[in-house]
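What follows is the residue order along each chain.
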Amino acid sequence: MNNDQLINLVQTILKLVAGALAAKGLGDSSLWEGISGGILALVTWYASHKWNATPASSPTAVITSAPTSSQSGFARPAVLFVLASFCLILAAMIGCAHLQPGADPVVVNVERVQTVAAPTFDLVLSTDDTARPLWAQKAPAFHDFCEWLRQPQTVGLANGAATNVPRAIALQLNLDNVKLAYKSGRAGSNDVFTALATLNSAIQQANAWLIVVTNAPPPASAPAPLPPSAFNVDSERIAVEMNSTDH
Amino acid sequence: MNAALALLPSVLQYLPAIETGAEHLWAWVESLRTAAQQSSEWTTDQETQYQQALLARTGSSAYQPDAPKA
Numbered sequence: 001m002n003n004d005q006l007i008n009l010v011q012t013i014l015k016l017v018a019g020a021l022a023a024k025g026l027g028d029s030s031l032w033e034g035i036s037g038g039i040l041a042l043v044t045w046y047a048s049h050k051w052n053a054t055p056a057s058s059p060t061a062v063i064t065s066a067p068t069s070s071q072s073g074f075a076r077p078a079v080l081f082v083l084a085s086f087c088l089i090l091a092a093m094i095g096c097a098h099l100q101p102g103a104d105p106v107v108v109n110v111e112r113v114q115t116v117a118a119p120t121f122d123l124v125l126s127t128d129d130t131a132r133p134l135w136a137q138k139a140p141a142f143h144d145f146c147e148w149l150r151q152p153q154t155v156g157l158a159n160g161a162a163t164n165v166p167r168a169i170a171l172q173l174n175l176d177n178v179k180l181a182y183k184s185g186r187a188g189s190n191d192v193f194t195a196l197a198t199l200n201s202a203i204q205q206a207n208a209w210l211i212v213v214t215n216a217p218p219p220a221s222a223p224a225p226l227p228p229s230a231f232n233v234d235s236e237r238i239a240v241e242m243n244s245t246d247h
Numbered sequence: 001m002n003a004a005l006a007l008l009p010s011v012l013q014y015l016p017a018i019e020t021g022a023e024h025l026w027a028w029v030e031s032l033r034t035a036a037q038q039s040s041e042w043t044t045d046q047e048t049q050y051q052q053a054l055l056a057r058t059g060s061s062a063y064q065p066d067a068p069k070a
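Top to bottom, those sequences are chains A and B. The working numbering numbers the first residue of the first sequence as 1 and each following residue consecutively. The working numbering numbers the first residue of the second sequence as 1 and each following residue consecutively.
To be clear, the hints were calculated from the coordinates, so they are not data collected in a lab. Every residue gets a Cβ at the ideal spot worked out from N, C-alpha and C, and that includes glycine. Incorrect hints may appear among the rest.
Okay, the calculated beta carbon distance ranges per label pair [as the list claims (entries may be wrong)]:
{"#": "1", "chain 1": "A", "residue 1": "K138", "chain 2": "B", "residue 2": "V11", "range": "28 to 38 Å"}
{"#": "2", "chain 1": "A", "residue 1": "A131", "chain 2": "B", "residue 2": "V29", "range": "46 to 56 Å"}
{"#": "3", "chain 1": "A", "residue 1": "A103", "chain 2": "B", "residue 2": "E23", "range": "55 to 65 Å"}
{"#": "4", "chain 1": "A", "residue 1": "A162", "chain 2": "B", "residue 2": "S61", "range": "21 to 31 Å"}
{"#": "5", "chain 1": "A", "residue 1": "Q11", "chain 2": "B", "residue 2": "P9", "range": "24 to 34 Å"}
{"#": "6", "chain 1": "A", "residue 1": "L16", "chain 2": "B", "residue 2": "L5", "range": "47 to 57 Å"}
{"#": "7", "chain 1": "B", "residue 1": "A3", "chain 2": "A", "residue 2": "Q204", "range": "37 to 47 Å"}
{"#": "8", "chain 1": "B", "residue 1": "T44", "chain 2": "A", "residue 2": "A162", "range": "18 to 28 Å"}
{"#": "9", "chain 1": "B", "residue 1": "Q52", "chain 2": "A", "residue 2": "G185", "range": "45 to 55 Å"}
{"#": "10", "chain 1": "A", "residue 1": "A197", "chain 2": "B", "residue 2": "G59", "range": "22 to 32 Å"}
{"#": "11", "chain 1": "B", "residue 1": "K69", "chain 2": "A", "residue 2": "K138", "range": "47 to 57 Å"}
{"#": "12", "chain 1": "A", "residue 1": "I211", "chain 2": "B", "residue 2": "D66", "range": "20 to 30 Å"}
When the alpha-carbon atoms are kept at most 20 Å apart in a straight line, the in silico DMTMM-like pairs for lysine to aspartate or glutamate are as follows [what the hints assert, rightly or not]:
{"#": "13", "chain 1": "B", "residue 1": "K69", "chain 2": "A", "residue 2": "E147"}
{"#": "14", "chain 1": "A", "residue 1": "K138", "chain 2": "B", "residue 2": "D66"}
{"#": "15", "chain 1": "A", "residue 1": "K183", "chain 2": "B", "residue 2": "D45"}
{"#": "16", "chain 1": "A", "residue 1": "K183", "chain 2": "B", "residue 2": "E47"}
{"#": "17", "chain 1": "A", "residue 1": "K183", "chain 2": "B", "residue 2": "D66"}
{"#": "18", "chain 1": "B", "residue 1": "K69", "chain 2": "A", "residue 2": "D129"}
{"#": "19", "chain 1": "B", "residue 1": "K69", "chain 2": "A", "residue 2": "D144"}
{"#": "20", "chain 1": "A", "residue 1": "K183", "chain 2": "A", "residue 2": "D104"}
{"#": "21", "chain 1": "A", "residue 1": "K15", "chain 2": "A", "residue 2": "D4"}
Given the sequences, and given the hints that come with them, work out the whole structure.
See below:
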């Protein structure tokens with residue numbers, strides 16, 4: 001059996017197994033497609049590198065050089081196991097779903113960002129909150145960014161009332177208000193994209209800071225915080241329009 | 001052995017922080033999975049839950065700004 005035949009055989013087996021599992025309700029087709037792809041990639045890699053088993057070394061053999069990773073009998077299963085685990089975990093974690101018919105992609109994409117935004121801000125703010133004096137001293141720019149996220153902002157709620165909430169929450173509520181206005185035809189997609197871009201910028205900065213503060217010494221230069229003009233969603237206008245339509 | 005013992009107090013000191021961080025990190029990973037697997041718009045109940053969860057965060061200590069310096 002040559003490499004192509006081996007890969008085709010594995011591909012067929014994976015399709016059959018994935019179909020059977022999906023039919024039984026275990027995961028969906030996209031999840032198993034991802035897992036199958038990962039396994040197939042490993043098989044292809046294995047076959048293309050001809051990682052056949054190393055002959056067992058004789059006890060009397062003289063070791064003249066250190067084994068390379070591809071020669072080490074111990075390294076192979078370990079590397080394969082780690083890569084296979086990584087592929088399986090990644091596929092199980094991500095496994096993107098297709099949009100159902102009738103779902104507005106603009107709204108679904110906004111809601112996907114909303115789903116990720118809150119835990120992102122939770123993570124970055126709780127990281128700073130565990131040792132505020134330490135971060136203020138060792139990484140003042142990071143602490144300043146967190147303080148910027150904590151500054152109270154006035155935002156309109158869905159019921160028309162206005163309240164003061166931290167900026168990290170105000171950004172999300174603003175996007176939610178714009179999304180609801182868009183769904184009811186009182187705001188355009190440009191308004192949605194503007195609010196989405198604002199929130200995305202804050203999320204990206206938060207992610208960048210998480211990478212910086214968990215992996216490196218305090219940076220000499222820090223990313224600049226968002227300018228006040230970035231926070232330009234006219235939430236009051238949208239709230240007023242929502243009220244006027246509701247009554 | 002001595003080096004490991006010397007590190008022990010530091011590990012114990014940072015254990016609560018690691019525990020807190022791990023909890024939020026796992027929630028973040030879960031949110032990525034949830035977002036990737038979303039295939040339709042939120043229902044009214046999900047929308048309400050989302051807004052309530054956001055407003056509930058305002059009471060969290062992590063979201064409170066530093067006390068003004070005297």
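Evaluated hints:
A hinted range of 28 to 38 Å for the beta carbons of K138/A and V11/B is inconsistent with their spacing of about 19 Å. Separation of A131/A from V29/B is about 23 Å and departs from the stated range, judged on CB atoms against 46 to 56 Å. Checked against the hint of 55 to 65 Å, the C-beta distance between A103/A and E23/B comes to roughly 32 Å, which is inconsistent with it. Remark: the range hint 21 to 31 Å for A162/A to S61/B is upheld by a beta-carbon distance near 24 Å.
A C-beta distance of roughly 54 Å is found between Q11/A and P9/B, which places it outside the suggested range of 24 to 34 Å. At about 55 Å, the CB distance of L16/A to L5/B agrees with the hint of 47 to 57 Å. Evaluation of the 37 to 47 Å hint for A3/B and Q204/A yields a pass: the beta carbon distance comes to about 39 Å. The beta-carbon spacing between T44/B and A162/A, approximately 22 Å, falls within the hinted interval of 18 to 28 Å.
The hinted window of 45 to 55 Å between Q52/B and G185/A is violated, with their beta carbons roughly 25 Å apart. Between A197/A and G59/B the Cβ separation comes to about 29 Å, which falls inside the hinted range of 22 to 32 Å. The beta-carbon spacing between K69/B and K138/A, approximately 18 Å, falls outside the hinted interval of 47 to 57 Å. At about 24 Å, the CB distance of I211/A to D66/B agrees with the hint of 20 to 30 Å.
Between K69/B and E147/A the CA atoms are separated by roughly 14 Å; this keeps the pair inside 20 Å, and the hint holds. Proposed proximity of K138/A and D66/B is supported: the alpha carbons are some 16 Å apart, at most 20 Å. Of the supplied pair hints, the one linking K183/A and D45/B holds, its CA atoms being roughly 16 Å apart against a limit of 20 Å. For the proposed pair K183/A and E47/B, the alpha carbon gap of about 13 Å is at most 20 Å, so the pair holds.
With a C-alpha separation of about 38 Å, the suggested pair K183/A and D66/B falls outside the 20 Å cut-off, and the hint is violated. Between the alpha carbons of K69/B and D129/A the distance comes to roughly 17 Å, so the proposed pair stays at or under 20 Å and holds. For the suggested pair K69/B and D144/A, the alpha carbons sit about 14 Å apart, so the restraint of at most 20 Å is met. Taken as a hint, the K183/A and D104/A pair is honoured in the structure, with Cα atoms around 9 Å apart against an allowance of 20 Å.
Restraint check for K15/A and D4/A: satisfied, since their Cα atoms lie roughly 16 Å apart, inside the 20 Å limit.
Taken one by one, the earlier hints fail for this structure at numbers 1, 2, 3, 5, 9, 11, 17, listed in ascending order.
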